[in-house]
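Student: Taken in order, these protein sequences are the chains called A and B. Numbering-wise (the working numbering), the first sequence opens with residue 1 and increments by one. Numbering-wise (the working numbering), the second sequence opens with residue 114 and increments by one.
None of these hints come from the bench; they were simulated from the model. Just to be clear, a hint being listed does not mean it is correct.
[What the hints assert, rightly or not] Below, in silico cross-link-like pairs of lysine to aspartate or glutamate (EDC-like), each with a Cα-Cα straight-line distance of 20 angstroms or less:
| hint | chain 1 | residue 1 | chain 2 | residue 2 |
| --- | --- | --- | --- | --- |
| 1 | A | Lys42 | B | Glu220 |
| 2 | B | Lys165 | A | Glu96 |
| 3 | A | Lys78 | A | Glu96 |
| 4 | B | Lys173 | A | Glu1 |
For clarity, every value in this text was computed on a predicted model and none was experimentally measured.
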Amino acid sequence: EPEVTQTPSHQVTQMGQEVILRCVPISNHLYFYWYRQILGQKVEFLVSFYNNEISEKSEIFDDQFSVERPDGSNFTLKIRSTKLEDSAMYFCASSETSRDGYTFGSGTRLTVV
Amino acid sequence: GNSVTQMEGPVTLSEEAFLTINCTYTATGYPSLFWYVQYPGEGLQLLLKATKADDKGSNKGFEATYRKETTSFHLEKGSVQVSDSAVYFCALSSNQGGKLIFGQGTELSVKP
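Isolated chain A (complex conformation):
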């Protein structure tokens, strides 16, 4: 069964450093998403991406965040200057249409120290 692949599975970074979280969506999917889950809390929407541009973003997705699809397969989330409160599990997801259920990756646990 096709998978969404995320790397790394766990990243530790110092406050103020830049991090790039990587995702390889399912190849025929057109819609891409990032979500995050702070430990023990709700899964929160960050951003959706379609046709090479952001289609929607949440209040969390401020100027410190950016997304990119640098080639035909990767979809990255960059945090320019990490804060302690950015520590969370970050999930990438993709879907074939905007009304399908997504396929989620297994997540990247980001720890900011």
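With chain A held as given, fit chain B onto it using these hints.
Tutor: Same frame as chain A, now just chain B:
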């Protein structure tokens, strides 16, 4: 705005017990409704979905019916197993944009 409310956990059941996890939603338009499951240490997996009123989603013995009149999408299973222990998330997707709005999750623990 759109929102999802789930019953609070943790829910602890014995094996073969009947499971209900309540989920209600607030949304404009005609959302699609989903249940996702997160096993310990893993990501989110789509369990079942329903895209219009009165649809029933089902998978692995779990069922949920889209009830527009009560704005609910309760998850049920007739006989739970230890392997069903996980966190269950109810979610909705509005008919535009496609982003998912999640409930807070309900942790289920099934004891042998």
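Student: A separate judgement is required for each hint: does it hold in the structure or not?
Tutor: How the hints compare with the structure:
For the proposed pair Lys42 (chain A) and Glu220 (chain B), the alpha carbon gap of about 12 angstroms is at most 20 angstroms, so the pair holds. Distance restraint check for Lys165 (chain B) and Glu96 (chain A): the Cα-Cα separation of roughly 19 angstroms lies within the 20 angstroms cut-off, and the hinted pair is therefore satisfied. Distance restraint check for Lys78 (chain A) and Glu96 (chain A): the Cα-Cα separation of roughly 24 angstroms exceeds the 20 angstroms cut-off, and the hinted pair is therefore not satisfied. Taken as a hint, the Lys173 (chain B) and Glu1 (chain A) pair is honoured in the structure, with Cα atoms around 17 angstroms apart against an allowance of 20 angstroms.
Checked against the numbered hints listed earlier, the structure breaks hint 3 alone; every other hint is satisfied.
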